[in-house]
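Participant: One letter stands for each residue in the lines below.
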Amino acid sequence: MTVATAPQGSARRALAPGLLRYVVVRVVSAVCVMFAVSIVVFLFIHAAPGGPEHAIGGELATEEQLESIRQRYGFDRPLPEQYLQFLGGILHGDFGESIIQKTPVATLIGETVKVTLPLLAFTWILAMGAGLALGILTASRPGSRLDRFSLGMTTLGASTPAFVVGTFLAWLFGVQLGWFPALGAGEGGLDTVRHLVLPAATAAIVLLAVTTRITRVRVGQILEEDQATFARARGLGRWWTLKHVVLRNAGVQLVTLSGSVVVSLFTGLILVERVFNLPGIGSLMVDAIHDRDMPVIQGVTFCVALLVVTVNLVVDLVCMAIDPRLRARLETNR
Amino acid sequence: MSAVTQVAPVGARLRLPKVPPLTALAGVFLVVVAACALFPGFAPQDPAAINAAESLQGPSGAHPLGTDQLGRDTLSRLVAGARTSLLGPLVLGLGVTAISTVLAVAAGWFGGRTDAVISRIIDFFYSVPALLVAIVVAGVTGGGFGITLVVLIVFGLPMHVRNLRAAVMERAHLPFMEAAVTLGLPTWRVVLTHLVPTIVPNVVAVFFVTFTYGVVELSSLSFLGLGVPPGAPDWGRMVADNRAAVFTDVWAVAAPAVAIVLLAVSANLIGEHVQRTHEQSRKER
Chain A
1 MTVATAPQGS ARRALAPGLL RYVVVRVVSA VCVMFAVSIV VFLFIHAAPG GPEHAIGGEL
61 ATEEQLESIR QRYGFDRPLP EQYLQFLGGI LHGDFGESII QKTPVATLIG ETVKVTLPLL
121 AFTWILAMGA GLALGILTAS RPGSRLDRFS LGMTTLGAST PAFVVGTFLA WLFGVQLGWF
181 PALGAGEGGL DTVRHLVLPA ATAAIVLLAV TTRITRVRVG QILEEDQATF ARARGLGRWW
241 TLKHVVLRNA GVQLVTLSGS VVVSLFTGLI LVERVFNLPG IGSLMVDAIH DRDMPVIQGV
301 TFCVALLVVT VNLVVDLVCM AIDPRLRARL ETNR
Chain B
1 MSAVTQVAPV GARLRLPKVP PLTALAGVFL VVVAACALFP GFAPQDPAAI NAAESLQGPS
61 GAHPLGTDQL GRDTLSRLVA GARTSLLGPL VLGLGVTAIS TVLAVAAGWF GGRTDAVISR
121 IIDFFYSVPA LLVAIVVAGV TGGGFGITLV VLIVFGLPMH VRNLRAAVME RAHLPFMEAA
181 VTLGLPTWRV VLTHLVPTIV PNVVAVFFVT FTYGVVELSS LSFLGLGVPP GAPDWGRMVA
241 DNRAAVFTDV WAVAAPAVAI VLLAVSANLI GEHVQRTHEQ SRKER
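Taken in sequence, the protein lines are chains A and B. Under my numbering, the letters of the first sequence match residues 1 to 334, in that order. Under my numbering, the letters of the second sequence match residues 1 to 285, in that order.
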């Protein structure tokens, strides 16, 4: 997304027609995407090798078992009818029942989210906070030792898989130094926080490469613009410039960045949960894949897709809210 | 090489800048890995030979990098694993580079409806995390190396198509390009002999970036037990299989982990070097 360096448009108080149309189109298209996702997720079970009966009954199921599965799950009925039933279930938060654990998928997701969500929040704060600080620091002192060091670290970070970082941290701080527990989710309270330190640090370190680099590039651009020079010439302090010139201008990129961090965190956490044996939603997914537990795969996929679509929608709307230039362009482009 | 020097002195100047020592080392490492991938016979021992009596030993004369949980020689497994660890990212890199170049040239050169269609599709795929889709597809279809690669290629395209398209549009209005069009050269000739050569450095950069991501993503999938079949000597899989060894003898985990990082960093360094030399030569001109 590029931001025009056009003169600042006047902020509009009321919802202008262009903006209203943009919001409606974005929300409607997000809903449409989720419908498309629900169709794809529904078809998963039919795409499974051996067909839906075998996906549920296993490869060794007898003909009678297959028949009873067909009747119980309604695989003998036409596809559109099956889909509508599936969609109805989803809308009520019902994703069916796990084949292996015999519990509702929604319950499993609810339990694992309790592990994943704090980890996600913890990591997000770490990655964004440290990335912003490092990016702004290095951009204000280009070519400094810190700048070159962070450039080297970003190269290394982009080339290191999360599971390698995690295994290394578990070995160093968990086994060698014994500062933090290397495995498990903890018993609640402070113990949980202690158990989350290494996993969160792992996911954050991998992301730090991206957050630092993007912040560094955008802030560097703004600091070279006339408005930054002018602010400095007026004798305004470093903090004033940061708040009124840099952050106001970089806002759109930073919001977009923080959204994509959430999205890529979900992939990263699958690996991290595996390394540290955390019973989160990523572990649920990987176990389900190995057990070929199709309803769980469907439920988790749908929930993750919902999260990705929601985050992207919120990011787009927040960008519109914080940058008057984007809103002004909506009105002129009509 | 010498013929090139005589015909095109500008091209010769491109190759002159000194290669930094780190980048040279990266090149050497890639050559070694490529040699191992081509000649798995380099392995000093049978990579699949199980010896429970010698499980998780540290480095010794018989086993320079120690043994894994099943007593297999780590060095031999590293050599044997070079093939999948190199081949996957290579296919991914070539696939993404080729397809994104074609799409970018089509969108950037022809513009109009072609551009609109390609750009819309790319926008849609942009916000979808490739690795996540690969994991889901592996879960639904039961996995397999080929289908995983296809998913990673398709979902790896968007960023590169966007960047290359911008590069094409930037070049499309250079004087010699407009001259070629004005002369009435057939479109395929303008595109192939005039346009594409100008974006070659960008294309090379795309290859190295995707190769690096390929190493990271494919080894991550192997670590999760998806992608390469069980038992295969793959570096990501070796880390996963010997994860418990961090508590006892770390060599069986450290060796493949370091190999993965070195491979990715090497590709990254060489890619950055290519880009830097290109930028320099552009400034000189």
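To be clear, the hints were calculated from the coordinates, so they are not data collected in a lab. Bear in mind the structure is a predicted one, so any value in this text is a computation, not a measurement. Careful: at least some of the hints might be erroneous.
Claimed, not checked - Distance windows between CB atoms, simulated:
hint	chain 1	residue 1	chain 2	residue 2	range
1	B	P229	A	M34	33 to 43 Å
2	B	T187	A	G89	30 to 40 Å
3	A	L236	B	T187	16 to 26 Å
4	A	H290	B	L70	19 to 29 Å
5	A	V28	B	A116	17 to 27 Å
6	B	E178	A	E225	39 to 49 Å
As the list claims (entries may be wrong) - Looking from chain A toward chain B, a few residues come up when the C-beta cut is under 8 Å (computed):
hint	residue
7	L156
8	G157
9	V263
10	I289
11	H290
12	T310
13	N312
Note that the Cβ used here is the ideal one computed from N, Cα and C, for glycine as well.
Participant: Run every hint past the structure and note whether it holds.
Facilitator: Comparing the hints with the structure gives:
The given range of 33 to 43 Å is respected by P229 (chain B) and M34 (chain A), whose C-beta atoms sit roughly 35 Å from each other. Between T187 (chain B) and G89 (chain A), the C-beta spacing of about 53 Å breaks the proposed range 30 to 40 Å. One distance hint, 16 to 26 Å for the beta-carbon pair L236 (chain A) and T187 (chain B), is violated here, with the actual separation near 55 Å. Our hint of 19 to 29 Å for H290 (chain A) and L70 (chain B) holds, since their Cβ atoms are close to 20 Å apart.
Evaluation of the 17 to 27 Å hint for V28 (chain A) and A116 (chain B) yields a pass: the beta carbon distance comes to about 20 Å. The given range of 39 to 49 Å is broken by E178 (chain B) and E225 (chain A), whose C-beta atoms sit roughly 32 Å from each other. The interface hint given for L156 (chain A) holds, since its Cβ lies 6 Å from the closest Cβ of chain B, which is under the 8 Å cut-off. A hinted interface residue such as G157 (chain A) counts as satisfied when its beta carbon comes closer than 8 Å to some beta carbon of chain B; here the least separation is about 10 Å, so the hint is violated.
With a cut of 8 Å, the hint placing V263 (chain A) at the interface with chain B holds, because the nearest CB-to-CB distance is about 6 Å. Taken as an interface hint, I289 (chain A) checks out: its beta carbon lies about 4 Å from the nearest beta carbon of chain B, inside 8 Å. Against a cut-off of 8 Å between C-beta atoms, the interface hint on H290 (chain A) holds, since the closest Cβ of chain B lies about 6 Å away. A hinted interface residue such as T310 (chain A) counts as satisfied when its beta carbon comes closer than 8 Å to some beta carbon of chain B; here the least separation is about 12 Å, so the hint is violated.
For N312 (chain A), the suggested interface contact is upheld, since its CB lies about 5 Å from the closest CB of chain B, less than 8 Å.
Hints 2, 3, 6, 8 and 12 from the list above are not met by this structure, while the remaining hints are.
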